[in-house]
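Sequence lines, in order, name chains X and C.
Just so you know, the working numbering puts the end of the first sequence at 163, numbered straight through with nothing missing.
Just so you know, the working numbering puts the end of the second sequence at 160, numbered straight through with nothing missing.
Heads up, a few of these hints could be off.
Derived pair list, reagent style BS3-like, types lysine-lysine, alpha-carbon separation capped at 27 Å [stated by the list, open to error]:
no., chain 1, residue 1, chain 2, residue 2
1, X, Lys3, C, Lys142
2, X, Lys69, X, Lys159
3, X, Lys66, C, Lys17
Covered stretches of chain C (in silico footprint by chain X; criterion: 3 or more residues with CB under 8 Å from a CB of chain X, positions within the stretch not fixed) [claimed, not checked]:
no., segment
4, 12-21
5, 31-44
No lab work stands behind these hints, which were simulated from the structure alone.
Positions of the beta carbon are idealized from the N, C-alpha and C atoms, including for glycine.
Each chain, written out:
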Amino acid sequence: MFKQPDGGPVSPASVEEKHERGVPILLQQIRRFYEELARVHGKRGLDHIRRVSAEYGNELLARARKRVKENDVQSVGLYVVRIFNNIDVDGELVEFGPDRVTVRCQQCPYPFTSTEVCEAHTTMERVIVEGLGDDLTYTVERSIPGGDDVCDHVIARRKGGRS
Amino acid sequence: MIRLPESIDYEEVPIEKRYRAATRALSARIGALYRRAVDEFGDEALELIRSVNRRHARDLARDLCEGGGPRDAGAAALCLARLLDLVGMDGEVLELSPACARISVESCPFGISSPELCEARTTLESEFVRSLADDLHVEIEKCAALGDESCQFRIDRVSR
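Chain C extracted, bound-state conformation (with noise of 0.2 Å):
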């Protein structure tokens, strides 16, 4: 926080509320950088998309879910829903074995209305999971920018 004279009158605002305004700000910015890239350098956008998430996605992976427990579907998307949550999305799991597991995002946070821009912004998702378990795979069931209702991802444990 920037630290004030006391003299100065400066209105607090709650931290629930800062919170819901930084995520929600920060998460358009992300969602207009991505749109205005494709826009300017193409596929060329899509794949640095792709490959600058795949590596946030292995060191969040890290730092969030590091510790022993099962790997298996339902434990990744527990993981995988709380960095949800923790970056401000809503929504729910849906179904939770250690096969096969369902996550339903409520909206789109970063107002993304593309096919291809959802897949490579999805890479983060993806690779988050893979990072736990390199049998899990993951499945964009639903996803808003097709025009379904809400976006789902599914996760499966595939046989090697």
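Just chain X, same shape as in the assembly (with noise of 0.2 Å):
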């Protein structure tokens, strides 16, 4: 929180209104960082996204290993909810099988307007969910960005994986 000199807090703002107004600022300032890197330098920029993305997500992935008791794709599927709900995403999940879990997006939070900076972003969430199933895969199905009406975030089992 952040104070006045007389020890009061500078915003009345309550918790709900923060998370509503200031988590987009800083998804607004990645969003931004990502298409000015991936406007100046083209595939060297896209492969950078990717590369933190993906560190991002291993430095994740111990906590998750944690938190996700068992490496099935509805377990899974779950902690992508979770990490979505952080951000409030607005969405439903459509599917959940046991081989098959889909996380519908009306809209992109960021809202990104690229396939390929959707695609290097989401590194990070393929990281952790074949990170925490190696016969586990994490596909965007549909994607706003690429002119469909939703994302759909697939975890699903590799064919051939076990169930």
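From these two lone chains plus the hints, build me the complex, please.
Below, the structure is given as structure tokens:
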């Protein structure tokens, strides 16, 4: 919290309001930097986003392993829901089977306008999902920046994987 | 929020915890992105960080501080403190007058330890204040990246 000289808060905003207004400020800061990096440096910029997202995903993986007790599709899918809920993504779980979970998002919280930037950024989610279960995959099957009306984040068991 | 069928057992996380987790994680991610960009692209990355933050700051000043009211150092400091508060930073306004104001931030949420990167990133705060009134000047008086115990911004009204 930020205090005034008299010790009172600088803002009367509730935590709900702060979440609703503050989190998008940081998301947009990330998106703007990505877009500029990709515009100026092209493939090298996108590779950079992938690399940093992978590193960040690996950092989170240790924490995720403690929280997700089972490495099945559903448990890992719910962990992805938890990540999305932290940043208040609007959407629903449209598929919740033993081999496939689909999280459908109505809007991109960043919001990305390029599929390449989206793909590079979601390396983090892919690293976490595939790190939690080596027979699991993470893909964005429908994508708003790609022209779809929703984003479908799919956590699935690799073909031939254990059910 | 992601809506779930009632049959699914899911432990809701309280909003306070989600807010803290999100602001900390996103700030850390921004810091990591910037640090690694400087490793990879050097001064070009610093200039990119400055230019992106300048644009972001102007939009934020317009969105968050629209409306009348004085545009002196004290008013600008309060507006900046509200922005820092929104993105989850902890700190305090130490001094508040029309001519001069000082804000202290407890620690760097971006995990930045290089003065050059700190200067590039804080283009956001400097430009935010300048967007409110172009006779205001921001100086970083203390910098955790340089070994100080906290970061401190000083805002002065400069005569033209």
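Results of checking the hints against the structure:
1. X:Lys3 - C:Lys142: Roughly 18 Å between the alpha carbons, so the hint for Lys3 of chain X and Lys142 of chain C holds.
2. X:Lys69 - X:Lys159: 23 Å, holds
3. X:Lys66 - C:Lys17: 18 Å, holds
4. 12-21: holds (count 6)
5. 31-44: holds (count 8)
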